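Please model the complete structure; the sequences and the hints are all you need to start from.
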Amino acid sequence: SPQTALEKLKRGEVHVVDHPTLADVKTLQNHPATWVDTEVSMNVCHLGFNMKKFPYSDINFRRAVSLALDRNVLNTLAYHGMAEIATNIVPPAIWRDLCPTPAYEINIEKAKEYLAKVKLEAREVELIHLTWARPYVPEPQRVAEWVKDQLRKIGLEVKLSGYDRGAYEPKTKDEGHPMYLYGWNADLPDPDNFLYALLHGDSIGSLNGTYFNDPQFNEAVKEAQITIDPARRKELYTKAFQRYREESPNLALVHVKQITALSKKVQYNMHPIEVRFYEASFRE
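So that you can map any letter, position 230 of the sequence shown is 230 in our numbering, and since no number is skipped, the others follow by simple counting.
These are calculated hints, taken from the structure and not from any lab test.
Do not take every clue at face value.
With a cut-off of at most 30 Å between alpha-carbon atoms, the simulated DSBU-like pairs for lysine-lysine come out as follows [as the list claims (entries may be wrong)]:
#1 K239 to K112
#2 K173 to K222
#3 K171 to K148
#4 K112 to K153
#5 K10 to K112
#6 K117 to K52
#7 K26 to K8
#8 K222 to K265
#9 K264 to K26
#10 K112 to K159
#11 K171 to K234
#12 K52 to K257
#13 K112 to K52
#14 K117 to K26
#15 K112 to K53
#16 K264 to K8
#17 K110 to K148
#18 K117 to K171
#19 K264 to K173
#20 K52 to K110
#21 K159 to K119
#22 K148 to K173
#23 K257 to K239
#24 K52 to K148
#25 K53 to K153
#26 K257 to K171
#27 K257 to K148
What follows is a list of derived Cβ distance ranges for each label pair [unchecked claim]:
#28 I85 to R152: 15 to 25 Å
#29 E246 to P189: 24 to 34 Å
#30 G12 to P230: 46 to 56 Å
#31 A133 to D229: 20 to 30 Å
#32 R123 to K171: 20 to 30 Å
#33 L120 to V266: 49 to 59 Å
#34 K265 to W132: 23 to 33 Å
#35 K265 to Q225: 41 to 51 Å
#36 T131 to Q3: 15 to 25 Å
#37 E109 to E246: 19 to 29 Å
All values derive from a computational prediction rather than experimental measurement.
Where a beta carbon is used, it is the ideal one built from N, C-alpha and C, also for glycine.
Set out below in structure tokens:
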């Protein structure tokens, strides 16, 4: 278990522990035998909408949800203040000035106005979520509870349904699924690995559980795949980002740093894409 590993680290029986629980970081920083190192991470946690299923298919519903979510509260409750608030599905570590990405607006009254435009038969909606830790969502139940609490402010009651590792991925590919919490760790450091993999029409049935299939978005992302000029790629990704924000098939929530707990006897270098080389060297 993670706790057993950390106890062994404190006793000097192991030297490196990957992904310690965020709640343990302060204790590890203050322990005489251990230290904590961080590295940028090319990941994102997001809240997805099934654009084939009402009310998630209604842009007014998606806008209402977007306006209701305070990511600073999420960072405090579920990430112990250690996450980076997301403004784009693409992590800034990949291309920080990729395009203008203003912060998501928070406005409860405006959220209620948008929700009033949605012809809801009942005020209950459903959110499915994973139940096991991932680097972008180490405490998934807390993130799900945050969504529930935030949406209660605009008059929505959220039913939470958690699924284990074997059941969750097929559930997000089922055409009848509701809102869902998920995330992604980059395979390679390029915007395409997020925009194409998670949101392009070609990825429906794979990682695109939103069924977002916007021609303008698809065309911009596809052209960027074969464009070498960085300035032109920025233009294309700006266009794709604008369509992404307008339609909000999912909402980027946070990017989460890599965290490693270490014995003070060793120096360890993390890889930004979380490739595990396990290159550690003893300090002199």
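Consistency of the hints with the structure:
1. At most 30 Å may separate the alpha-carbon atoms for a hinted pair to count; K239 and K112 meet this at roughly 29 Å.
2. Only pairs whose Cα atoms come within 30 Å are accepted, and K173 paired with K222 is accepted, the gap being roughly 23 Å.
3. At most 30 Å may separate the alpha-carbon atoms for a hinted pair to count; K171 and K148 meet this at roughly 20 Å.
4. With a CA separation close to 9 Å, the supplied pair K112 and K153 stays within the 30 Å bound.
5. Distance restraint check for K10 and K112: the Cα-Cα separation of roughly 50 Å exceeds the 30 Å cut-off, and the hinted pair is therefore not satisfied.
6. The suggested pairing of K117 with K52 holds, with an alpha-carbon distance near 18 Å, which does not exceed 30 Å.
7. Proposed proximity of K26 and K8 is supported: the alpha carbons are some 17 Å apart, at most 30 Å.
8. Between K222 and K265, the direct Cα distance comes to roughly 48 Å. Violation of the 30 Å bound is thereby established for this hinted pair.
9. At roughly 15 Å between alpha-carbon atoms, K264 and K26 fall within 30 Å of each other, so this suggested pair holds.
10. Of the pairs offered as hints, the one joining K112 and K159 holds, with about 19 Å between alpha carbons and a cut-off of 30 Å not exceeded.
11. Of the supplied pair hints, the one linking K171 and K234 is violated, its CA atoms being roughly 34 Å apart against a limit of 30 Å.
12. Simply put, K52 and K257 have alpha-carbon atoms about 33 Å apart, too far for the 30 Å limit, and the pair is violated.
13. A threshold of 30 Å between alpha carbons decides the hint, and for K112 with K52 the separation of about 23 Å falls inside it, so the pair holds.
14. A hinted pair counts as satisfied when its Cα atoms are at most 30 Å apart, and K117 with K26 does not qualify at roughly 46 Å.
15. For the given pair, K112 sits about 21 Å from K53 by alpha-carbon distance, which is consistent with the 30 Å threshold.
16. Among the hinted pairs, K264 with K8 is consistent with the structure: their alpha-carbon atoms are about 13 Å apart, no more than 30 Å.
17. For the given pair, K110 sits about 18 Å from K148 by alpha-carbon distance, which is consistent with the 30 Å threshold.
18. Distance hint between K117 and K171 is fulfilled; the C-alpha atoms sit about 29 Å from each other, no more than 30 Å.
19. Distance restraint check for K264 and K173: the Cα-Cα separation of roughly 45 Å exceeds the 30 Å cut-off, and the hinted pair is therefore not satisfied.
20. The suggested pairing of K52 with K110 holds, with an alpha-carbon distance near 25 Å, which does not exceed 30 Å.
21. Proposed proximity of K159 and K119 is supported: the alpha carbons are some 19 Å apart, at most 30 Å.
22. This hinted pair checks out: K148 and K173 have alpha carbons roughly 22 Å apart, not beyond 30 Å.
23. The suggested pairing of K257 with K239 holds, with an alpha-carbon distance near 28 Å, which does not exceed 30 Å.
24. Between K52 and K148 the alpha-carbon distance is near 22 Å, which keeps this suggested pair within the 30 Å criterion.
25. A hinted pair counts as satisfied when its Cα atoms are at most 30 Å apart, and K53 with K153 qualifies at roughly 23 Å.
26. Taking the CA atoms of K257 and K171, the gap is about 27 Å. The hint holds against a cut of 30 Å.
27. For the hint linking K257 to K148, the alpha-carbon distance of about 25 Å falls within 30 Å, and the restraint holds.
28. Checked against the hint of 15 to 25 Å, the C-beta distance between I85 and R152 comes to roughly 21 Å, which is consistent with it.
29. The hinted window of 24 to 34 Å between E246 and P189 holds, with their beta carbons roughly 26 Å apart.
30. For the pair G12 and P230, the supplied restraint of 46 to 56 Å holds, since their beta-carbon distance comes to about 48 Å.
31. Taking 20 to 30 Å as the suggested C-beta distance range, the pair A133 and D229 does not conform, at roughly 40 Å.
32. Range check, R123 to K171: Cβ separation about 23 Å, and the 20 to 30 Å hint holds.
33. The given range of 49 to 59 Å is respected by L120 and V266, whose C-beta atoms sit roughly 56 Å from each other.
34. About 31 Å separates the C-beta atoms of K265 and W132, a value consistent with the hinted range of 23 to 33 Å.
35. Checking the proposed 41 to 51 Å range against K265 and Q225 shows it holds: the Cβ atoms sit about 46 Å from each other.
36. Judged by the Cβ atoms, the range 15 to 25 Å given for T131 and Q3 holds: they are separated by roughly 18 Å.
37. For E109 and E246, the hinted distance range of 19 to 29 Å is satisfied, since their beta carbons lie about 21 Å from each other.
Violated hints, in rising order: 5, 8, 11, 12, 14, 19, 31; the structure is consistent with all others.
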